[in-house]
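Colleague: Sequence:
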Amino acid sequence: MVKTKEEILNGMSRFRFDLLCYTDFKFFCEKMLGLTDMGGIHEFQLKWIDLIQKYRIIMLEAPSGSSKSEIVGACYLLW
1 MVKTKEEILN
11 GMSRFRFDLL
21 CYTDFKFFCE
31 KMLGLTDMGG
41 IHEFQLKWID
51 LIQKYRIIML
61 EAPSGSSKSE
71 IVGACYLLW
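Just so you know, we're using the numbering used here here: the sequence shown kicks off at 1 and counts up by one.
Check before you lean on any hint, since a few could be wrong.
Using 25 Å as the maximum straight-line C-alpha spacing, the simulated DSS-like pairs for lysine-lysine come out as follows [unchecked claim]:
#1 Lys3 - Lys26
#2 Lys5 - Lys26
#3 Lys26 - Lys68
#4 Lys68 - Lys47
#5 Lys31 - Lys68
#6 Lys47 - Lys26
#7 Lys26 - Lys54
#8 Lys54 - Lys68
The hints are simulated quantities; they were obtained by calculation from the structure and are not laboratory data. Keep in mind the model is a prediction, meaning the values are calculated, not measured.
Whole structure, please, built from the sequences with the hints as guidance.
Modeller: As structure tokens, then:
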């Protein structure tokens, strides 16, 4: 479902929304990309992002269905 700009901003100023999208990966994924299925972005997924930002190379091992490709391969690259 496509949302209007007003629905995405939800009463927030455009400046504040942009700032939060720029600085907060979880906010970006949930508000801008609409990833709210299964509870949105989880703590263990945020730890992946912290590791990616901290180290040049990482090996991510997680069970099937934990959204590795979606979070790291798509969302992080868009962010």
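Colleague: Hey, Lys5 versus Lys26, does the alpha-carbon distance stay inside 25 Å?
Modeller: Satisfied, since the Cα-Cα distance of roughly 19 Å is no more than 25 Å.
Colleague: Are the Cα atoms of Lys26 and Lys68 separated by 25 Å or less?
Modeller: 15 Å, holds
Colleague: So if I understand the rule, the pair passes when the alpha-carbon distance is 25 Å or less; does Lys54 with Lys68 pass?
Modeller: 18 Å, holds
Colleague: Do the alpha carbons of Lys26 and Lys54 lie within 25 Å of each other, as the hint requires?
Modeller: Distance of about 17 Å is within 25 Å: holds.
Colleague: Hey, Lys47 versus Lys26, does the alpha-carbon distance stay inside 25 Å?
Modeller: 11 Å, holds
Colleague: Against the 25 Å threshold, does the CA-CA distance of Lys68 and Lys47 hold or violate the hint?
Modeller: 12 Å, holds
Colleague: Are Lys3 and Lys26 close enough, with their CA atoms no more than 25 Å apart?
Modeller: 19 Å, holds
Colleague: Between Lys31 and Lys68, is the straight-line Cα distance small enough, at 25 Å or below?
Modeller: 19 Å, holds
Comparing the model with each numbered hint stated earlier shows that all of them hold.
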